[in-house]
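Construct all of the structure, not just a fragment, from the sequences and the given hints.
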Amino acid sequence: MSTPLQAAALRSLPDLRARHPEAFRRLPRGRALGLAALLAALALLGLGLWRLEIAPGRLLSGFGQLLGFLGLMLPPDPGSWSRCLLILHGLGETVAIAFLGTLLAALIAFPLGFLAARNTTMSRIVRFASRRLLDGIRGIDALIWALIWVGVVGLGPFAGLLAIMTSDIGTFGKLFSEAIEAADRRPVEGIAATGGGAPQRIRYGILPQVLPVMAGQVLYLFESNTRSSTIIGIVGAGGIGLYLAEMIRTLEWQAVSFIVLLILLVVAAIDALSSRLRAAIAGEATRQGA
Amino acid sequence: MPTTLPRLPAARLAPLALAYDGAVRLRRRRLLLGTAVVLLLALLAGRVAEVDPARLLAEGGGFFGYFDRLLTLESGPAVGQRVWMDPAEWLWGWRGWLGQLGDTLLIAYVGTLLGAAGAFLLGLLAAANLVPNPWARGAVRRLLEVCRTVPDLVFALVFVIAFGLGPLPGVLAIAIHSLGALGKLFSEIVENIEMRPVEGAAAAGAAWPAMVRYAVLPQVLPGFAGYALLRFEINVRQASVMGFVGAGGIGQDLIEAIRKFYYNDVAALLLIIIATVIAIDLATERLRHALIGAEDRA
Numbered sequence: 001m002s003t004p005l006q007a008a009a010l011r012s013l014p015d016l017r018a019r020h021p022e023a024f025r026r027l028p029r030g031r032a033l034g035l036a037a038l039l040a041a042l043a044l045l046g047l048g049l050w051r052l053e054i055a056p057g058r059l060l061s062g063f064g065q066l067l068g069f070l071g072l073m074l075p076p077d078p079g080s081w082s083r084c085l086l087i088l089h090g091l092g093e094t095v096a097i098a099f100l101g102t103l104l105a106a107l108i109a110f111p112l113g114f115l116a117a118r119n120t121t122m123s124r125i126v127r128f129a130s131r132r133l134l135d136g137i138r139g140i141d142a143l144i145w146a147l148i149w150v151g152v153v154g155l156g157p158f159a160g161l162l163a164i165m166t167s168d169i170g171t172f173g174k175l176f177s178e179a180i181e182a183a184d185r186r187p188v189e190g191i192a193a194t195g196g197g198a199p200q201r202i203r204y205g206i207l208p209q210v211l212p213v214m215a216g217q218v219l220y221l222f223e224s225n226t227r228s229s230t231i232i233g234i235v236g237a238g239g240i241g242l243y244l245a246e247m248i249r250t251l252e253w254q255a256v257s258f259i260v261l262l263i264l265l266v267v268a269a270i271d272a273l274s275s276r277l278r279a280a281i282a283g284e285a286t287r288q289g290a
Numbered sequence: 001m002p003t004t005l006p007r008l009p010a011a012r013l014a015p016l017a018l019a020y021d022g023a024v025r026l027r028r029r030r031l032l033l034g035t036a037v038v039l040l041l042a043l044l045a046g047r048v049a050e051v052d053p054a055r056l057l058a059e060g061g062g063f064f065g066y067f068d069r070l071l072t073l074e075s076g077p078a079v080g081q082r083v084w085m086d087p088a089e090w091l092w093g094w095r096g097w098l099g100q101l102g103d104t105l106l107i108a109y110v111g112t113l114l115g116a117a118g119a120f121l122l123g124l125l126a127a128a129n130l131v132p133n134p135w136a137r138g139a140v141r142r143l144l145e146v147c148r149t150v151p152d153l154v155f156a157l158v159f160v161i162a163f164g165l166g167p168l169p170g171v172l173a174i175a176i177h178s179l180g181a182l183g184k185l186f187s188e189i190v191e192n193i194e195m196r197p198v199e200g201a202a203a204a205g206a207a208w209p210a211m212v213r214y215a216v217l218p219q220v221l222p223g224f225a226g227y228a229l230l231r232f233e234i235n236v237r238q239a240s241v242m243g244f245v246g247a248g249g250i251g252q253d254l255i256e257a258i259r260k261f262y263y264n265d266v267a268a269l270l271l272i273i274i275a276t277v278i279a280i281d282l283a284t285e286r287l288r289h290a291l292i293g294a295e296d297r298a
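Protein chains in written order, with my numbering: chain Y, 1 to 290; chain Z, 1 to 298.
None of these hints come from the bench; they were simulated from the model. Take these hints with a grain of salt, some might be off.
[To be verified] Here are some of the chain Z residues that sit facing chain Y, going by a computed Cβ distance under 7 Å:
#	residue
1	A45
2	V48
3	A49
4	R55
5	L57
6	E59
7	G61
8	G62
9	F63
10	T72
11	L106
12	V110
13	F163
14	L165
15	R237
Just so you know, even glycine gets a beta-carbon here, dropped at the ideal spot from N, CA and C.
Given below as C-alpha cells:
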C-alpha cells in the first residue's frame with residue numbers, strides 16, 4: 001500500500017541519488033573513519049583485558065565479595081570513643097596539611113609563574129628552564145613526593161605537608177603562568193609609556209588583573225588537595241589516610257564507612273566554602289573592573 | 001629635552017589625598033583583616049601538622065642529597081659517577097620496566113574507557129534537561145559525588161581485598177573514580193546543549209533513546225571526547241601509583257625500590273614515569289586541539 005506522496009518520493013529517488021552521491025554511500029567517509037577509530041579502541045581494550053587478566057569469573061566473585069563488604073559497612077560506627085577521637089584528629093591533620101600545603105605552594109609558585117610566563121620572563125632560557133622544571137614536578141604524583149619526603153624528614157604530617165606543597169608548586173606554576181600570559185597588555189603598555197620599569201609594570205599593570213584569578217585557583221586547589229591529602233597517610237605521611245588504610249586492611253568495615261562518611265562531609269563543607277569565596281572574589285573583580 | 005610636570009599646590013593637594021585615603025581605607029582594612037585570618041589559620045594548621053622548620057633546615061639538605069644519591073651510580077665499573085655516564089648499568093632492568101609501563105598505560109586506558117562509558121550513561125541521566133524527575137536525577141548525582149570524592153587509592157585498597165592482588169583492582173578503582181569525575185562534567189555539557197533539536201526529535205515522535213542518539217549525541221560527543229582525553233592524562237599519573245597498594249603497574253617496582261633504597265632504580269623509574277606523563281600530556285593536547293578544530297569546522 002503506497003500513498004501518492006510516497007510514490008512521488010520513490011520516483012525522484014534515482015535523481016536524488018545522482019545529485020548527492022556522498023549522502024547515499026553505504027559508508028560515508030566520516031563514518032568509516034569513526035568506525036575504524038572505534039575498532040582500534042576496542043582492539044586496544046581487548047588487549048588490555050587479556051594482558052591485565054580481567055576475567056568474568058574473577059569479576060563476578062569479586063563483586064559478590066564487595067556486596068558482602070557493603071552489608072558489613074552498615075551502620076557506620078567508629079567502634080570506640082577513643083578511636084573516634086583518633087580519627088577526628090587525623091581528619092584535622094588532613095585539613096591542616098591541605099591548607100598549609102596549598103598556601104606555601106602558592107607563595108613559592110608565585111615568582112616561578114612570572115618566570116615561566118612569556119610576557120614577564122627575563123629571557124627565553126629562563127622561561128624554558130622553569131617550564132621544564134614545573135613539568136617535571138607535576139609529572140610525579142603527590143604520593144611519590146610523600147615517600148621521598150618521609151625519607152627526608154621522617155614519618156608524620158610534616159612530610160605530607162611538604163609533599164602536597166611540592167606537587168602543587170608544579171600545578172600552581174603552570175596555572176599562574178597561564179593567567180599571567182592571558183593578562184591584558186594595555187595597562188602594562190600604559191605604565192611603560194609613563195616611564196615605569198619592569199617592577200612597576202608587574203605591580204601595577206599585571207598584578208591587579210591576575211590576583212583574583214590566582215586566588216580562585218588557590219581556593220579550587222585547596223579543595224582538591226583536601227581529597228588528595230586523605231590518601232597520603234597510606235605511605236605514613238600523616239592525616240586520616242593512615243587510619244583508613246589500617247581499618248581497610250584489618251577489615252573493620254563499619255569504621256571504614258564512618259571515615260569515608262566524615263571525608264565526604266568535610267570535602268562537601270570545604271567545597272561549599274571555597275565556591276562561596278570564589279564567587280565573592282569574582283564579584284569583587286567585576287565590580288572593580290566596571 | 002627635559003620636561004617638568006606641574007605640581008599642585010599643597011593646599012589643593014591635601015583634600016584630594018585625604019579623599020583618596022578615605023576611598024581605599026575600607027579595602028585596605030579588609031585586606032589586612034583577611035591576611036590576619038589566613039596567618040592565624042596557617043599558624044594553627046602548622047601546629048596540627050607538626051611543622052618543624054628546624055628539622056627542615058637540619059634535614060632539608062637531605063632532600064637535595066637524596067636526589068644527588070639517586071643520580072650517583074652505586075655499582076658497576078663507573079661507581080660514584082653520575083648515572084648517565086653508564087646507561088647500561090643504570091637502566092639494567094629496562095625490559096621489565098617497559099613492560100610494567102605498558103601495563104600502567106593499559107590500566108589507565110581500560111579504566112578511563114570503562115569509566116567514560118559509565119559516565120556517558122549516568123551523565124545523561126544526571127542532566128536536568130533530559131531527566132525532569134528530580135528524585136532520579138538527585139540519586140544519580142549523589143552516586144557520582146561519592147565516586148568522585150572517595151580517592152581512587154581507597155577504592156583500590158578495598159578492591160585489592162575483594163578481587164585479589166594484580167592490575168584488576170587498579171583498573172576498577174580508576175574506572176569508578178573516572179566515572180564520578182567525568183559523569184559530572186558530561187552532565188554539565190548536556191545541560192548546555194541547544195534544546196531545539198531535542199524538541200524537534202520529540203515532536204517527530206522519537207522515543208528517549210532515539211532522541212538522545214539523533215538530537216543530543218551529535219552536540220555533545222566532541223566535548224565528551226575532550227574531557228575523556230584529559231581524564232586519561234590524569235589517570236596515567238594515578239595508575240603509576242596504584243602499585244603502592246598492590247593494584248598493578250609500575251608503582252609496585254617504584255615503591256619496592258624506594259623502600260629498599262635502590263637509589264639508581266628509583267631515579268630510572270621516576271625518569272620513565274615523568275617522560276611518559278609529559279609525552280601523554282603533549283599527545284592528548286594535540287588530539288584535543290584536533291577535536292576542537294573538527295568541532296569548529298562542523
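So, going through the hints one by one against the coordinates:
1. A45: 4 Å, holds
2. V48: Since the shortest Cβ distance to chain Y is 4 Å, the answer is holds.
3. A49: 4 Å, holds
4. R55: 6 Å, holds
5. L57: 11 Å, violated
6. E59: Holds, because the Cβ-Cβ distance from E59 of chain Z to chain Y comes to roughly 5 Å (cut-off 7 Å).
7. G61: Result: violated, 9 Å to nearest chain Y Cβ.
8. G62: 5 Å, holds
9. F63: 5 Å, holds
10. T72: 16 Å, violated
11. L106: 4 Å, holds
12. V110: 4 Å, holds
13. F163: 4 Å, holds
14. L165: Violated, because the Cβ-Cβ distance from L165 of chain Z to chain Y comes to roughly 11 Å (cut-off 7 Å).
15. R237: Interface hint status for R237 of chain Z: holds (5 Å vs cutoff 7 Å).
Of the numbered hints given earlier, the model fails hints 5, 7, 10 and 14; all others are met.
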